[in-house]
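Colleague: Now for the letters of each chain:
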Amino acid sequence: MLKYLLEKEFKQFFRNKALPKMAVIMPFMAILIFPLVANFEIKNISLAVVDNDKSSTSRELIQKVAAGGYFSISEVASTYTHALRSVELDKSDIIMEIPAHLERDLQREGSSEILISANAVSATKGGLGSAYLAGIIGDFNKEINGNISTVVADSFTITPRFWYNPRLLYTYFMVPALMVMVLAMVCGFLPALNIVGEKESGTIEQINVTPVTRLSFILSKLLPYWIIGFVVLTISFFAAWIAYGLTPAGNLGTIYLFAALFVLAFSGFGLVISNYATTLQQAMFMMFFFVLTFIFMSGLYTPVANMPRWAQNLSIISPLKYIIIVLRQVYLKGSTFTELLTPFWMLTAFAIFFNGWAVLSYRKKS
Amino acid sequence: MRAFRIFVQKEFFHIMRDRWTTLILLVLPILMIILFGFGITTEIRNTKFAVYEPSGDHTTRAIVNKLESSEYFILERYIKSEDEIEQLFRQGKTGFAVVFGKEQILLVADGTDPNTASILTNYATTLINSYLQESAPTATDAASRAITPEIRLLYNPTLKSAYNIVPGIMGMILMLICALMTSVSIAREKELGTMEVLLVSPMKPYLIILSKIVPYFTISVINYITILLLSVFVLKVPIAGSLVLLSGVSLLFIIVSLLIGIMISSLVDKQIVALLISGMLLMMPAVFLSGLMFPIESMPQVLQWFSHILPVKWFIIAVRNVMIKGLGFSSIIREVLILTGMGIAILIVSVKKFKYRLE
Chain Y
1 MLKYLLEKEF KQFFRNKALP KMAVIMPFMA ILIFPLVANF EIKNISLAVV
51 DNDKSSTSRE LIQKVAAGGY FSISEVASTY THALRSVELD KSDIIMEIPA
101 HLERDLQREG SSEILISANA VSATKGGLGS AYLAGIIGDF NKEINGNIST
151 VVADSFTITP RFWYNPRLLY TYFMVPALMV MVLAMVCGFL PALNIVGEKE
201 SGTIEQINVT PVTRLSFILS KLLPYWIIGF VVLTISFFAA WIAYGLTPAG
251 NLGTIYLFAA LFVLAFSGFG LVISNYATTL QQAMFMMFFF VLTFIFMSGL
301 YTPVANMPRW AQNLSIISPL KYIIIVLRQV YLKGSTFTEL LTPFWMLTAF
351 AIFFNGWAVL SYRKKS
Chain E
1 MRAFRIFVQK EFFHIMRDRW TTLILLVLPI LMIILFGFGI TTEIRNTKFA
51 VYEPSGDHTT RAIVNKLESS EYFILERYIK SEDEIEQLFR QGKTGFAVVF
101 GKEQILLVAD GTDPNTASIL TNYATTLINS YLQESAPTAT DAASRAITPE
151 IRLLYNPTLK SAYNIVPGIM GMILMLICAL MTSVSIAREK ELGTMEVLLV
201 SPMKPYLIIL SKIVPYFTIS VINYITILLL SVFVLKVPIA GSLVLLSGVS
251 LLFIIVSLLI GIMISSLVDK QIVALLISGM LLMMPAVFLS GLMFPIESMP
301 QVLQWFSHIL PVKWFIIAVR NVMIKGLGFS SIIREVLILT GMGIAILIVS
351 VKKFKYRLE
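In the order they appear, the protein sequences are chains Y and E.
If you're matching positions, the first sequence starts at 1 in my numbering and goes up one per residue.
If you're matching positions, the second sequence starts at 1 in my numbering and goes up one per residue.
One chain only, chain Y, in its complex shape (with noise of 0.2 Å):
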């Protein structure tokens, strides 16, 4: 019997014009474009410096500011409020206003002050723009206390080391989870939709009057775009290597294990929201509102450890965060699979859960 049903689904797929495309396009689509758009590195600030001083220390620091390669400088202004207006037209982001006679207190008094303002509307760019401003100014004294020769008792010198990671690349970052997100969207939407689909257009009634069971009918709809899905992962492995010389320091294996794991999972949440939903607009809408529940709370954006206590909390019930861990462990540090037992447990929790609800929720009868 399931094998029938099997071969309906898969001719089904293979016959609609869209559906065989995106599955192919949409691994390259995730890989090759998203990771050009979800950038969060901060480069190419734009400073605009109003000099009151106009000496040669002043200059100085303007050009070790610009040669440093975090700034470009937008804006040369004359006064503080000419900076200030570049800054609300989002000319610049960051003012840096020099004192008049800096060059003569720093000789007198042996220290005077810069202004720094930042644009803190967005908190990374502000925050981050302005420490490393002065992280500059801050060498830049320490050039400027060299060349009296006087020796600062500098005790130590920091290093800072990035393991697993080094040139601080976000690709490496964002591409293993997007490998997850494209592996849910295959197994967890498609035959949520292609259920709701048959009940909207009336077919399921057919299907009803049948002697199939519940769990061939099921596993007629899952199985196909299980295997899919696989296909998919393993094209956007490929697509991570050829483009980013990506590969796994881990074993693959467990990628497979864990993945596997998750599209159980995940396509039984699909299957609960088919069962509730009676057409495609109310199905569209229902995962729309909890997946976007799930990406959130799954830290692919910003790490869970940085949210308030209570969004940590709720954060367990997103199979999505288990699942990134796995592959950003797996793929950037090479855990194996003793080191991700919390995951596994989780997971599979979330499989057994999503899954007997769904059969339970499941009526032939309309």
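Calculated from the structure, these hints are not laboratory results.
There could be a bad hint or two in this list.
PhoX-like cross-link-like pairs, simulated, lysine-lysine; straight-line CA separation at most 20 Å [stated by the list, open to error]: (1) LYS17(Y) with LYS270(E); (2) LYS270(E) with LYS199(Y); (3) LYS80(E) with LYS102(E); (4) LYS66(E) with LYS48(E); (5) LYS142(Y) with LYS64(Y); (6) LYS321(Y) with LYS270(E); (7) LYS236(E) with LYS160(E); (8) LYS353(E) with LYS270(E); (9) LYS10(E) with LYS190(E); (10) LYS236(E) with LYS325(E); (11) LYS91(Y) with LYS325(E); (12) LYS80(E) with LYS93(E).
Go by the hints and put chain E onto chain Y.
Modeller: Positioned in the frame of chain Y, the structure of chain E alone reads:
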């Protein structure tokens, strides 16, 4: 006029009697504000860190104390060898370790998440440097000269990420309700064939369309108010500028989005196509290219050009200027003109394309 009222009533029934959709339409803004407001947080607090200090003298203890007493770091534990860092990182217990060597401090960060890693090392470097400066004997201080930077954070002094996202959420929700819902609902009437019934009624075609958008207009206004209330009272993002100006701009954007919805529906005649067009061409770019989540400046040039044709981008800039920066009308003239221009262009296209003849 009475006929028009009845048509509007029919549209309201259409929406209200679909329980799930109504619920989601009204709850969606609340969910988005909470998720984006708390979920996308770039603030880093209480990161656990590990310490390896073979010597364990007074200075290293003091530095660890300094880190621990800041709001950014919490001491996870002292480790006995450098190899333990690897274990801790791989289990995901901590992402940051400080290793004290002779005259060298090594800050080891888990680079898996590049942003967090660089922010953490920045914080730690600043903290350690300021400790070293404090503890350095005052004699050397007198000889050294220093420029002290005074940092002023404009518009958002506490660096809350919520300030950046409220305008974005507003743009997204209004776009979703106005463009997507309108286009789908008109396309559905076409697909089901009920549009014919409406068109043969004595109502003028433009009144039929107008009656379609009244409910979505109402819902968007409700959502706009919800978002404002939530952002002021829950996210604590104050309205720095004029509320009247903000509402005016939003009204303009709502009208433009409704027009987009009508234009899409006049070009297609299948629900699913309307859904895909508004989803893929409007919603996705609205999320990714509008600067809501990711800074536009870091994107490739081509995508930046593309973002100019999105009304939502200009709306977000205008809202940001008025609501967050507290600027007046003179600062958003460009955005208002662009939105108005887009609105007129879309109106012309949809009037030309709209078929009220039966086929």
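Colleague: Give me the numbers of the hints this structure contradicts, sorted from smallest to largest.
Modeller: Number 6 only.
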